[in-house]
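Now for the letters of each chain:
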Amino acid sequence: MSPELLAAKSRKRPEGETSSQGAYRRTGDLRRRAAALLCLFAAILSGPQRVLAAQAPVLVPVANDPTVSVRLWFKVGAQDDPPGKEGLAALTAAMLTEAATQQHGYDQILDRLFPLASGYGASSSMEMTVVSGRTHVDNLADFYPLLRDAVLAPAFKPEDLERLRSRALNQVENQLRFASDEELGKAVLYHDVFGGTPYGHLEVGTVASLKGVTLDDVRAFYAKHFTRDNVVIGLGGAIPRDAGQPTDRAVAPITTAPGQVNAANVLEQLKRDLNQLPPGAPTPVPAPAPKPLKGVSVTLVEKNTASTAISIGFPLEIVRGAREWYALAIANSWLGEHRNSSGRLYQVIREQRGLNYGDYAYIEHYPNGGARMTPPQNVARRRQLFEIWIRPVPHEARHFALRAALREVDQLIKHGLTPAQFEERREFLKKYVLHYASTTSERLGYAIDDAFYGLAEPHLDRYRRLMDEITLDEVNAAIRKHWQLANMKIAIVTQGAAALADALVANAPSPITYSSPKTEAVLAADKEIATFPLSVAREAVKIVPVTELFAK
Amino acid sequence: MSNLLRLLLLLAPLPLLAATPARIFPYAYEKHTLPNGLTAILVPMPSGGIVAYYSVVRTGSRDEVEEGKSGFAHFFEHMMFRGTPKYPQAVYEGIVTKMGANTNAYTTNDHTAYHLKFTKSDLPKVIEIEADRFQNLAYPKIVFQTEAGAVYGEYRKNIASPFALLFERMQDLAYDAHTYKHTTIGFERDIKLMPTQFDYSLQFFKRFYRPDNTVLVIAGDFEPKPTLALIEKHYGGWARGYVAPAITPEPPQKAERTAEVSYPGRTLPILTVAYKGDAFSPDNRDFVAALLLGELAFGETSELRKRLQLREQRVQTIAANIPQNRDQPLFSIFAMIKQADDIAAVRDEIYQTLEHFKTTPVDATRLRDLKRRNKYGFLMSLDTPDAVAGALARFVSLTGDIAVIDQLYAAADAVTPEDIMNAAKKYFVPERRNVIVLKGGQS
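Here the protein sequences come in this chain order: A and B.
Residue numbers are given in this note's numbering: position 537 of the first sequence equals residue 537, and the series is strictly consecutive.
Residue numbers are given in this note's numbering: position 67 of the second sequence equals residue 67, and the series is strictly consecutive.
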């Protein structure tokens, strides 16, 4: 990726801007590098989001891109849902981008977007809400006012709320509970790991909370959080290469006539328009401090299902940006790079034994993994978790598969990576992370996440650079420091949960039989896996019928 | 996005094509065919040093003509990662891992595609290892049998979704003779027997994995001339020998078919109305008009969707899928309905909408807007080498070439309101219709 594609931030105040930070492209200028280092230092001292101050736009100009990508980052998410109103952040975001504005009914908006082949939407995650859209430059003048009105002038009509509430309820009551056991398992894990913190509920909400959300709730939430001091503009693609640069020359004359917005002036137009939002920034929610886990606790979801989905995890102390994080990333990628056959878990559980479709590990929240190949953007969090995702296995192999995964983590903690494994993995990552941000919109998403985490050096640049610097000792030290098996949460979606509970508590052997031959090495390892010890107390096992999940 | 829409997008990964008199595909490209029949389509484009490499085998689940072999093309796709004498599996994986390549494959009803994304300096090695595995694949029986378990796991993972169950049952209901009777992953009973099919897999490789049934599509930052030389060097010795399977044509459907499907989990009821359509052909005016009709009648801005989904809020979602296939596919309309006692009424609304399109010319402005939308949608989708090569792979599977893209756009541009009426009259008739209502259980 060429360096000018990702913008970083400095403390320099550009002329004509009201914000405390300007933006510049990484051009190698010494002064700017020094500012970047200072910014990084501040970020390390103060942790993610503390240095945000920043209404400075995040800009990713891309030569030859005939489209403009927009991401408007509002610093609000499910963590800001009032108690009993879980899902309000996500519903409010949907009420902006999938509902009427004061200018147009939603059906009229769709009609206007239709010939433009363009659209906009909102993603609301735990800490971030991002209104995003993309259009061809030919269509920007027609597209822009629709996007602007969605953010500035939502109509908040009762019929739109009912429609979006109904969709969210369907998502919880039917789709999440029944249509994908593996996503259900992950949702239960996140819920358990961060229970009792502002992260301790689903972004979409619960059945009871969704039913209780009123239009007044939506209006109040919008008024509080969608302010001009709480938004960061992200723009990418066909914008000028010097967009947002501090400059001595006069800014091109701006018109507020909607028909005349173009790639050259869209940034200034957005600044002016978003300035119409009310001032004020709500007090940030403190970063979650999950209670230290004590021992292994298991949630078994009882369900009429064809196979068993397993998720394992515990909170992590570090987030991207810290050098140690990238060391751990090397180990994690070796253990279970997402949707990649080279990971150890995949090799052991799928390749050698054919028990399922895939097995992966994570050190960052990775929602909707079944539907994507590379990490999502703008789901950043100040607290992350270590997570193992075992895709559905036959019921008779569930205990074995759980043990197989834990045994691999155990071996990794005890022995670390070998020099050869380390070398191969860092070579892999140095190039592989290039695929994480293929499109302009994805690059813009990463640049916004850099702002969230307070990274002066873009995350993916840092990722690649550190692959040449980090040592094997650092990797193995990070494994020992951050990974353990004594204290964790396990979520299992299965049928016949009581029998599994008994087997787990008894630490009963779980030998496996196959319908086809396996190598001697596999069979020998199987004996160790089948008795791999896992200490689970009876009182630490909970069985929940699927229909009771996320009810309130 | 709803699961339904996501699924529809998966089924029809390309935007519908329409309307421009000039060339629509924005990149210059070269097409070369080697003496052994292998075709290479080379699309240089600015991409920051990234290259996408697609090997498209024009074999998919439609080619599974033998009894008990449904799902085999997909299963075989898994076996293609099992190595050769020169590059055993672990060696191949080590090479692509060191490249930091993003590698994967997928199978559809009409084709199987193997794709890698990597940095341009690795292109020569990619050509070498890909050419090797397509010619010299070799795997032991024990590995074959174990992988069958992973495929079964993939099936179990998918079937938790009501849509997967619905599609499986709909194909089975609508077809009698043609291989579209089964979905790409295959019947569960056949998947269970896959471990016993080792010998058949060797035969499958010899029959279908031939240069005259394969097209390479390479897009991104590379030089065509030396790339072509390397392709000739590494693929030149691959012996031709593809023999097309004898796929039984589906006899004309004579009467409506209906079924009810029970989903073990909970879901809102899903209604699917599916009509026997036509195979992909830009020369078939009715087919091209039907591509547009699906969007006009049931798309995001259709009157029916606005009424049922936005105003009356009787459906969670409604959409149409007009697929582009080598053989006769199903032109389908899906609706997720909020109340079970409203299913018949929604079904009748769908029928009435189709009748309306048979008798009332579509508004010319809306038709023009749709053509414009499709043009911009297509252009905007071509933003990475992987997106370009992936988009071309579908057309390669249909015709072996990509010149058809411009033909299709020109044909769509010429579609008139009268053509839309004719397509509605031809396809959306009771004799071609298959209706399934899926309802959830109480578990």
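There's no promise every hint is true.
[What the hints assert, rightly or not] The calculated lysine-lysine pairs, modelled on PhoX-like cross-linking and capped at a C-alpha distance of 25 Å, are: (1) LYS192(B) with LYS518(A); (2) LYS86(B) with LYS120(B); (3) LYS125(B) with LYS430(A); (4) LYS430(A) with LYS141(B); (5) LYS527(A) with LYS141(B).
If you're looking for bench data, these hints aren't it; they were derived computationally from the structure.
Q.
Next pair to validate is LYS86(B) with LYS120(B); report whether the Cα-Cα distance is within 25 Å.
A. holds (23 Å)
Q. Does LYS518(A) lie within 25 Å of LYS192(B) when you go C-alpha to C-alpha?
A. Cα-Cα ~18 Å, so holds.
Q. Keeping to a limit of 25 Å between CA atoms, is the pair of LYS527(A) and LYS141(B) held or broken?
A. holds (23 Å)
Q: Sort out whether LYS430(A) lies within 25 Å of LYS125(B), counting only the CA atoms.
A: holds (18 Å)
Q: Verify the proposed pairing of LYS430(A) with LYS141(B), using a straight-line Cα cut of 25 Å.
A: Cα-Cα ~36 Å, so violated.
Of the numbered hints stated above, the single one contradicted by the structure is hint 4.
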